[in-house]
Amino acid sequence: MLKVTNMNVYYGNIYAVKDVSFHVDEGEVVTLIGANGAGKSTILKTISGLLRSKTGSISFAGEEIGNVASHAIVKRGMAQVPEGRRVFLQMSVQENLEMGHYTQQGATMTERMEGVYERFPRLLERRKQVAGTLSGGEQQMLAMGRALMSRPRLLMLDEPSMGLAPLLVEQIFEIIGELNRAGTTILLVEQNANMALKVANRGYVLETGRIITTDSASALLEDDTVRKAYLGG
Amino acid sequence: MKRFTLSMPVRYIINTVLIITLLLVGNQIMGSGILGRAQTAIIIQVGFFIILAVSLNMVTGYLGQLPLGHAGFMAVGAYAGALFWRAAVLPGMASVVGGLIVAGVAAAITGVIIGIPALRLRGDYLAIITLGFGEIIRVVLNNLDTITYGARGLRNIPRYSSFMLVYICVIVACGAIHMIMKSRHGRAILSIRENEIAAESCGINTTYYKVLTFAVSAFFAGVAGALFAGNIGILVPANFDFMTSINILMIVVLGGLGSMMGSVIAASVLTSLPLVLQPLNEYRMIIFSLMLIVVMIFKPSGLMGNYDFSMSRIIEKVVNRLRTGKTAGKLKSGK
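Respectively, the protein sequence lines represent chains A and B. Going by this note's numbering, the residue at position 224 of the first sequence is 224; the numbering climbs one at a time, nothing skipped. Going by this note's numbering, the residue at position 247 of the second sequence is 247; the numbering climbs one at a time, nothing skipped.
Misleading hints may appear alongside valid ones.
What the hints assert, rightly or not - With a straight-line cut-off of 27 angstroms between C-alpha atoms, the simulated DSS-like cross-links for lysine-lysine are: (1) B:K317 / B:K299; (2) B:K182 / A:K128; (3) A:K75 / A:K228; (4) B:K182 / B:K299; (5) A:K75 / B:K182; (6) B:K299 / A:K128.
Since the hints were derived computationally from the structure, they do not count as laboratory data.
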């Protein structure tokens, strides 16, 4: 469904991502793991069109999107939950969800919103509340709910566990699993390699802008170098 | 008990009736000669400052950017409108309306031309680049001697800006901006203020909306400029210096970023204050500044914060209160 080949991204003269190629098939959960500064978020930003790759191609559902503007990519069925949640703090929960429906035509909004509330009952309770007063976990749910409003074929999550209590992290990953079983393809970028690999089908390990190894998630969980580097021995 | 709410058509009827009454009453008062010359002049002036403030509020309050060149758009509109009126290519009323539209469009085009490069920047940088553009517009007008007569001034502009015309423009400007902000496009604009990256990830074309907001804002600034020209009858580029931009910004900030009603009130107060304080002579600028400082200390979000006035909402509230009052009374008597 998503195929990235030879992605090279530079910030000025400094390269952030070097010759990265990977793919995500329909129905999969694929995770990119790696330490701080490995280039995970840069890759996501490049896919969603906020940054540009100097070489190679990015194709989504068979179409080249390497030169498509980021707002137009959303319309093609790719939604992103940006790093650090980035909900609209001064808007209510409901208004945030309405924003997520922005690219969609027709009267599907109430129906989809009900779907989101069903998955995140907490958001229904806080429907009228201003998003800035939600807890970190609730904001993460809201950011995910907002992305789901466009009923994406591919959902990209950037560090959904960031700054959340362990119990909430577990809950968020459970939801990621549920979403996948409901038919959404997911590309997950995470520092919490352990949790990410448990929910994913396949994983890519990044180090200083390159993919150093790739395998099925279960194999990576057992892999010695990965264990040493990211899973704490 | 179900809350009492007014349906949309009823709201529109209430608003239309209110607006027409206000216009007619205002026109009667203005024509009756109760007010002196100074007062009538101020009331007209308040009108175009309201348009300037609500249009700038669109960019500053709703889009969350800080441009400092609003007077530049006003200048473009003023000269475009004035030149159109002087040329008198259309007869009577058509010429008046045509001039306003020409003024707005000219300013909007300038807005797009400036907006595309300027809106790539943010915050202080945007402020400085728009300040620069505003000054460029003024200098260009000063030196386009054959068309604008430069510093000697563009004279003999027909005085079309009656109370009625100015305030109809005020209503059109407020109404149009209100409608844009209540629409899907308005939501998109607000979401850019809230969080640009999130807006982009929701599929909003942020560049498009920034430039659009800038253009609409410039359009109305241009209309206000033309009204200004039609009021004083002579234009010199010095009318549109940096301080004018600052004054407009001051009105918006004082009224409350993102509150249309705040802009309207602050425009009325700040424009008429120099007249009211006239007996105090040299102290009036001190009082003026002190007032600004006091408001910013005690109400940093501006007079109105981001509250907006709605007559229908007030009616709903009153009716609801009366109703609950009644049922409370019944319960008591039942006991």
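Hint-by-hint comparison with the structure:
{"no.": "1", "hint": "B:K317 / B:K299", "in the structure": "holds (26 angstroms)"}
{"no.": "2", "hint": "B:K182 / A:K128", "in the structure": "holds (18 angstroms)"}
{"no.": "3", "hint": "A:K75 / A:K228", "in the structure": "violated (41 angstroms)"}
{"no.": "4", "hint": "B:K182 / B:K299", "in the structure": "holds (26 angstroms)"}
{"no.": "5", "hint": "A:K75 / B:K182", "in the structure": "holds (23 angstroms)"}
{"no.": "6", "hint": "B:K299 / A:K128", "in the structure": "holds (26 angstroms)"}
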